[in-house]
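Asks: Sequence:
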Amino acid sequence: MVVGLANDIFMLFLKKNKKKTRHHALTILALTIVVIVLFFGLRPKVWPVTNEIHWLPKKNALRFINPGIAYVDDVHSFSSKQHSGEFTIHVSVAAESLRRRGFRPMLMMHDGDDRRQLTIWHWGSSVIAMNGDDYDNTRRWPRVSAKDALTLGDASFITVTSSSIGTRLFINGIIAKENKNWRLTIPDDGKKLRLVLGNSVYGKHGWEGEMYGLALYGKALSSEKVKSLYERSVRESRFLHCAAEDLLLLFTFSEHEGHLIPDQSGRNQPLQLPPRPIQLKKAFLSAPWHNFNPNRSFFVDAILNLIGFIPLGAVAYCWLRQSHSLPGKYEAAVIVVFCFSLSLSMEILQGWLPGRSSSLLDLGLNTLGAWLGILLAGWCVPATDKSFGASNY
1 MVVGLANDIF MLFLKKNKKK TRHHALTILA LTIVVIVLFF GLRPKVWPVT NEIHWLPKKN
61 ALRFINPGIA YVDDVHSFSS KQHSGEFTIH VSVAAESLRR RGFRPMLMMH DGDDRRQLTI
121 WHWGSSVIAM NGDDYDNTRR WPRVSAKDAL TLGDASFITV TSSSIGTRLF INGIIAKENK
181 NWRLTIPDDG KKLRLVLGNS VYGKHGWEGE MYGLALYGKA LSSEKVKSLY ERSVRESRFL
241 HCAAEDLLLL FTFSEHEGHL IPDQSGRNQP LQLPPRPIQL KKAFLSAPWH NFNPNRSFFV
301 DAILNLIGFI PLGAVAYCWL RQSHSLPGKY EAAVIVVFCF SLSLSMEILQ GWLPGRSSSL
361 LDLGLNTLGA WLGILLAGWC VPATDKSFGA SNY
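When the letters of the sequence shown are read in order and numbered with my numbering, they come out as residues 1 to 393.
Be a bit skeptical, because a hint or two may be false.
In silico DSSO-like links for lysine-lysine, alpha-carbon gap of 27 Å or less [stated by the list, open to error]:
{"no.": "1", "residue 1": "K225", "residue 2": "K59"}
{"no.": "2", "residue 1": "K177", "residue 2": "K225"}
{"no.": "3", "residue 1": "K177", "residue 2": "K191"}
{"no.": "4", "residue 1": "K219", "residue 2": "K191"}
{"no.": "5", "residue 1": "K281", "residue 2": "K191"}
{"no.": "6", "residue 1": "K180", "residue 2": "K204"}
{"no.": "7", "residue 1": "K180", "residue 2": "K225"}
{"no.": "8", "residue 1": "K147", "residue 2": "K227"}
{"no.": "9", "residue 1": "K192", "residue 2": "K282"}
{"no.": "10", "residue 1": "K59", "residue 2": "K180"}
{"no.": "11", "residue 1": "K225", "residue 2": "K147"}
{"no.": "12", "residue 1": "K219", "residue 2": "K192"}
{"no.": "13", "residue 1": "K282", "residue 2": "K227"}
{"no.": "14", "residue 1": "K282", "residue 2": "K204"}
{"no.": "15", "residue 1": "K180", "residue 2": "K147"}
{"no.": "16", "residue 1": "K204", "residue 2": "K281"}
{"no.": "17", "residue 1": "K192", "residue 2": "K281"}
{"no.": "18", "residue 1": "K177", "residue 2": "K227"}
{"no.": "19", "residue 1": "K58", "residue 2": "K180"}
{"no.": "20", "residue 1": "K147", "residue 2": "K204"}
{"no.": "21", "residue 1": "K147", "residue 2": "K219"}
{"no.": "22", "residue 1": "K147", "residue 2": "K191"}
{"no.": "23", "residue 1": "K191", "residue 2": "K59"}
{"no.": "24", "residue 1": "K227", "residue 2": "K281"}
{"no.": "25", "residue 1": "K177", "residue 2": "K192"}
By construction, these hints were calculated from the structure, which means they are not laboratory data.
Sequences and hints are given; from them, build the entire structure.
Replies: Here it is, written out as structure tokens:
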């Protein structure tokens, strides 16, 4: 009898406090979902504690492992107009894998504007030299490229020359591609020019492989000199350079250790190997067509960004209806604005986090997911449901 009376009192208490209890439950649920969204939205996918660049003393080389990065902070030897118009880039590399896709530069020269940057990178076994950020070639910007230029495990000598007769791409001393109607250019607008090896200035496009040497010249080497340089390097099993050809930058990696590699051209442009991976430039809310690569990872990420905000939109909408704090016609708009603001804040913060990318597409998908959640909540809980207070308006 006592137990039955206590149960009746408890049920009466729940009935009288049904709305208040439900509101508290929705509040806790909404806050829990916000915490979960923030955790997965701001959790670094990778947080490497060391810069993955390793010395290979027996090979006179550096080994790059994603997201390793090395850079020259100010390449002042190219500040003169005469060197931006005619030059040679000579580098020797061996790629770790030929199966990786996407933009992963071996070498980049960047002055702050992606549209002017110079990059040498490879897609599978193909080597590409270009200006700008038209990585998927949808805009048909000029470039030179050579198929089957790299062999897994073998060192390849890549030479790019640019002059009044056009742009040439040499692979192992032989011309692989030539464009007589276009000149590859080094960015030259008066701002600081950075040279980046093994990654991009954003630190999120890590290349993997070994690099045996790099030389930059202030003139275009002839075909004969490029071939001779390659043959001598193979014969002596080391990276060689032409000392008498207006040498502007040189790294042979013969030091075998250290985080600051001196420029052997004598122009005081040291190559820095920072102890931790860094971003030399931040990217915020990048456009969806920028470096677009519709692979499995892209679609999985897009789906997660869409469905991740559906529960938040639904529960937040139910919570706001339960609170009776706004007229019904404003509730959906307020929740959309809230979810948009939350997503925008996370995307801005992601621009500073290792392994994360700040994307305009993610912002749009998050907001769309929140709107779908509102529609779902409105369908599951009609406006006539008094438990959400809609009849009080």
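Asks: Indicate, hint by hint, whether the structure satisfies it.
Replies: Going down the list of hints, with the structure as the test:
{"no.": "1", "hint": "K225 to K59", "result": "holds, 24 Å"}
{"no.": "2", "hint": "K177 to K225", "result": "holds, 17 Å"}
{"no.": "3", "hint": "K177 to K191", "result": "violated, 31 Å"}
{"no.": "4", "hint": "K219 to K191", "result": "holds, 22 Å"}
{"no.": "5", "hint": "K281 to K191", "result": "holds, 14 Å"}
{"no.": "6", "hint": "K180 to K204", "result": "violated, 33 Å"}
{"no.": "7", "hint": "K180 to K225", "result": "holds, 19 Å"}
{"no.": "8", "hint": "K147 to K227", "result": "holds, 19 Å"}
{"no.": "9", "hint": "K192 to K282", "result": "holds, 16 Å"}
{"no.": "10", "hint": "K59 to K180", "result": "violated, 36 Å"}
{"no.": "11", "hint": "K225 to K147", "result": "holds, 23 Å"}
{"no.": "12", "hint": "K219 to K192", "result": "holds, 21 Å"}
{"no.": "13", "hint": "K282 to K227", "result": "violated, 40 Å"}
{"no.": "14", "hint": "K282 to K204", "result": "holds, 10 Å"}
{"no.": "15", "hint": "K180 to K147", "result": "holds, 19 Å"}
{"no.": "16", "hint": "K204 to K281", "result": "holds, 10 Å"}
{"no.": "17", "hint": "K192 to K281", "result": "holds, 12 Å"}
{"no.": "18", "hint": "K177 to K227", "result": "holds, 15 Å"}
{"no.": "19", "hint": "K58 to K180", "result": "violated, 40 Å"}
{"no.": "20", "hint": "K147 to K204", "result": "holds, 25 Å"}
{"no.": "21", "hint": "K147 to K219", "result": "holds, 26 Å"}
{"no.": "22", "hint": "K147 to K191", "result": "violated, 34 Å"}
{"no.": "23", "hint": "K191 to K59", "result": "violated, 36 Å"}
{"no.": "24", "hint": "K227 to K281", "result": "violated, 37 Å"}
{"no.": "25", "hint": "K177 to K192", "result": "violated, 30 Å"}
Hint compliance for this structure: hints 3, 6, 10, 13, 19, 22, 23, 24 and 25 are not met, and every other hint is.
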